[in-house]
Each structure stands twice: as structure tokens, then as C-alpha cells.
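Q: For reference, the chains in residue letters:
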Amino acid sequence: MTRAVTFFIMLAFWVTLSGMFDVFHLGLGVLCCLFLAFFSSRLLFPEDTLPLRLRQVWGMMLYLPWLMKEIFIASFQVSYLTVSPKMQDLIQPQLIRFRTRLKTPFARVTFAQSITLTPGTITVSVIDDEFTVYALTDKAAQSLPGEMERRIAHALGMD
Amino acid sequence: MIINGIIVFLLYLALVIFATGTAGILRFPDFYSRLHAAGKCDTMAAILALSSIALYHLSENPDLGGVLVALKILLILVFVFISSPTATHAISQAALIIGVEPWGREKK
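Line by line, the protein sequences are chains V and Y. Here the first sequence is numbered in numbering that gives the first Met the number 0, starting from 0 and rising by one per residue. Here the second sequence is numbered in numbering that gives the first Met the number 0, starting from 0 and rising by one per residue.
These aren't lab readings, by the way, just hints derived from the structure by calculation. Small disclaimer: the values here were computed from a predicted structure and weren't measured. Virtual Cβ for every residue (Gly too), placed ideally from N, Cα, C. Incorrect hints may appear among the rest.
[As the list claims (entries may be wrong)] Partial selection, computed: residues in chain Y whose CB lies under 10 Å from chain V:
(1) Gly-23
(2) Gly-38
(3) Thr-42
(4) Ile-52
(5) Pro-84
[As the list claims (entries may be wrong)] Pairwise CB distance ranges (calculated):
(6) V:Ile-72 <-> Y:Ala-89: 23 to 33 Å
(7) Y:Ala-89 <-> V:Asp-127: 10 to 20 Å
(8) V:Ala-3 <-> Y:Phe-8: 40 to 50 Å
(9) Y:Phe-8 <-> V:Glu-129: 35 to 45 Å
(10) Y:Ser-58 <-> V:Trp-57: 24 to 34 Å
(11) V:Ser-39 <-> Y:Ala-89: 35 to 45 Å
(12) Y:Phe-8 <-> V:Ile-72: 38 to 48 Å
[Stated by the list, open to error] Over 10 Å on every C-beta distance to chain Y, these chain V residues come out as not near it, computed from the model:
(13) Cys-31
(14) Cys-32
(15) Leu-42
(16) Phe-44
(17) Arg-52
(18) Gln-55
(19) Phe-71
(20) Asp-128
(21) Thr-131
(22) Lys-138
Construct all of the structure, not just a fragment, from the sequences and the given hints.
A: Structure, rendered in C-alpha cells:
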């Protein structure tokens with residue numbers, strides 16, 4: 000089952016990248032994908048975590064539109080700050096530290112990347128469950144970890 | 000014609016965001032906030048520019064080949080989306096390790 004799913008994912012990737020639909024190229028693709036799916040399906044889904052992974056993919060699909068919206072808002076806020084003549088009075092740069100309740104490395108990476116992409120914050124370092132985040136304004140600093148952590152925990156099936 | 004309007008709008012929006020991002024690199028007071036402008040604005044602008052290119056290609060070639068090229072452009076977008084915050088994070092962590100302090104006002 001794991002191998003079959005790996006095979007179809009890789010075949011879809013092959014077809015997208017090759018763009019050839021004759022027998023020779025498709026046959027090569029099928030052969031390569033069979034070979035890879037047989038030997039290295041464990042890279043994509045380690046230790047039979049397939050049902051969980053598929054549910055997580057679905058969760059991420061629901062999470063991404065929200066993240067896109069946040070990125071939109073973030074870039075406009077940063078753009079506004081950049082062009083504002085009183086910029087130095089509007090920003091309060093600071094480093095903040097907090098602990099996260101997300102357990103798995105994948106969830107922590109997702110969280111760190113999302114923080115970097117959204118309003119006024121960059122993840123500076125992650126050591127175990129302690130995040131160090133640089134915030135551009137007080138408002139951005141107060142919004143962490145908050146809603147984003149909750150949404151990621153929900154998307155990855157951890158609440 | 001509406002589709003052309005959308006494409007031009009997205010491209011101009013991307014240009015404006017790129018421009019403000021560049022201005023941000025020059026204007027912000029300390030290392031981290033400059034990084035901030037570079038990381039965020041570039042991601043957003045790349046998303047807008049690449050989606051307008053994908054749309055343009057789709058509107059010019061509305062066949063299977065066009066769809067495949069558009070999918071490849073979207074794939075670039077996915078990689079930008081993953082790599083840009085990673086790079087920002089790596090650079091800022093290096094700065095933290097060598098002890099770069101965030102900018103503060105004199106009174107602090």
C-alpha cells in the first residue's frame with residue numbers, strides 16, 4: 000500500500016516534468032517509478048505512517064490558504080513600515096523566547112517557517128522546544144505563539 | 000481581456016512589493032529588520048510574479064502543454080516558499096550566535 004502510493008506520487012511528478020506522452024517516455028517513467036517505489040518508499044513514508052501522513056496532507060491543504068492570507072497582510076504591513084517617514088518611531092525591535100507545545104520535528108519546522116513568513120517576525124533559532132523569535136513591533140511579538148500554533152497542531156492532528 | 004488585466008495587475012503588485020523590499024533593506028535600522036524586509040517581501044513578490052507568469056502562459060497556450068508548463072512554474076513557487084524562510088532563518092541564527100544585538104532606542 001505504501002509502495003503503491005509512493006509509485007503514483009512519483010509517476011505524477013514524472014509526467015509533470017517530462018511532458019511527453021509517447022509509449023517510450025511513459026514506459027521509462029513507469030519503470031523508474033516502480034524501481035524507486037520498491038526500494039525507497041521508506042524515505043517518503045517512514046515506518047508505515049501512511050494514514051497519518053495523508054491526513055496531515057489534507058490538514059496542510061486547509062492550513063495553506065490561511066497562511067497565504069497572513070503572508071499577504073504581512074508583506075503589506077512591512078511595505079507600509081518601509082515607506083513610512085516615521086518608521087523609526089513605529090518599530091520596536093526585540094528578541095522574544097517562548098516554548099512550543101508542538102512535539103514532532105516536522106511540526107516545529109512548519110511552525111518556524113510560518114513564523115518567518117508572517118507579520119513582523121523571524122524565527123532566529125529553534126533548540127528543542129524553545130523558539131527564539133525576532134519581532135519588528137510589539138504587536139507582532141504579542142501575537143505569538145497563539146493562533147498559528149493552534150492551527151498547525153490542528154492541521155497535523157495533534158490536538 | 001480581463002485575464003490580461005489580472006496578469007498586469009499581479010505583475011505591477013509584485014514590482015511594487017519588490018521595490019519596497021529593496022527600500023526596506025536600505026532603510027531599516029538593524030541587521031534583523033533588514034533581513035526581515037528581504038525575506039518577506041521577496042517571497043510575496045515572487046509568488047505574485049510567478050503566478051502572473053503562469054497565468055500568462057496558460058492564457059497564451061490553453062492546451063495540455065501550457066498546463067504542464069504552468070505546473071512547473073508553480074513547482075518553482077513551492078521551492079521558493081520552502082527555501083526563502085530557511086535561508087532567512089539560517090542567516091539570522093548565524094547573526095545571533097556571533098552576538099548581533101537588535102536595534103533599540105537610546106533610552107533603553
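Q: With 10 Å as the threshold, tell me whether Asp-128 of chain V passes as away from chain Y on beta-carbon distances.
A: It holds; Asp-128 of chain V is separated from chain Y by about 17 Å at its closest Cβ, greater than 10 Å.
Q: Could you say whether the range 24 to 34 Å given as a hint is met by the Cβ separation of Ser-58 of chain Y and Trp-57 of chain V?
A: Holds: the Cβ-Cβ distance is about 31 Å, inside 24 to 34 Å.
Q: Do the beta carbons of Ala-3 of chain V and Phe-8 of chain Y sit within 40 to 50 Å of each other?
A: holds (43 Å)
Q: For Phe-71 of chain V, is the shortest CB-to-CB distance to chain Y above 10 Å, so the non-interface label stands?
A: Label violated. Min Cβ-Cβ 7 Å, cutoff 10 Å.
Q: Minimum Cβ separation between Thr-131 of chain V and chain Y greater than 10 Å?
A: Non-interface label fails for Thr-131 of chain V: nearest chain Y Cβ at 7 Å, not farther than 10 Å.
Q: Is the hint on Pro-84 of chain Y kept, meaning its closest Cβ partner in chain V is under 10 Å away?
A: Holds - the Cβ of Pro-84 of chain Y comes within 10 Å of chain V, reaching about 4 Å at its closest.
Q: Would you check whether Thr-42 of chain Y satisfies its interface hint, that is, whether its CB is within less than 10 Å of any CB in chain V?
A: holds (6 Å)
Q: Quick check on the hint: Ile-52 of chain Y CB to chain V CB, less than 10 Å?
A: Since the shortest Cβ distance to chain V is 17 Å, the answer is violated.
Q: Does the interface hint hold: is Gly-23 of chain Y within less than 10 Å of chain V, judged Cβ to Cβ?
A: With Cβ-Cβ at 4 Å, under 10 Å, it holds.
Q: Falls inside 23 to 33 Å, the C-beta gap from Ile-72 of chain V to Ala-89 of chain Y?
A: holds (25 Å)
Q: Is the Cβ of Cys-31 of chain V more than 10 Å away from each Cβ in chain Y?
A: Check passes; 18 Å lies beyond 10 Å.
Q: Cβ-Cβ distance between Ser-39 of chain V and Ala-89 of chain Y: within 35 to 45 Å?
A: violated (27 Å)
Violation of the numbered hints given earlier is confined to hints 4, 11, 12, 19, 21; the remaining hints are satisfied by the structure.
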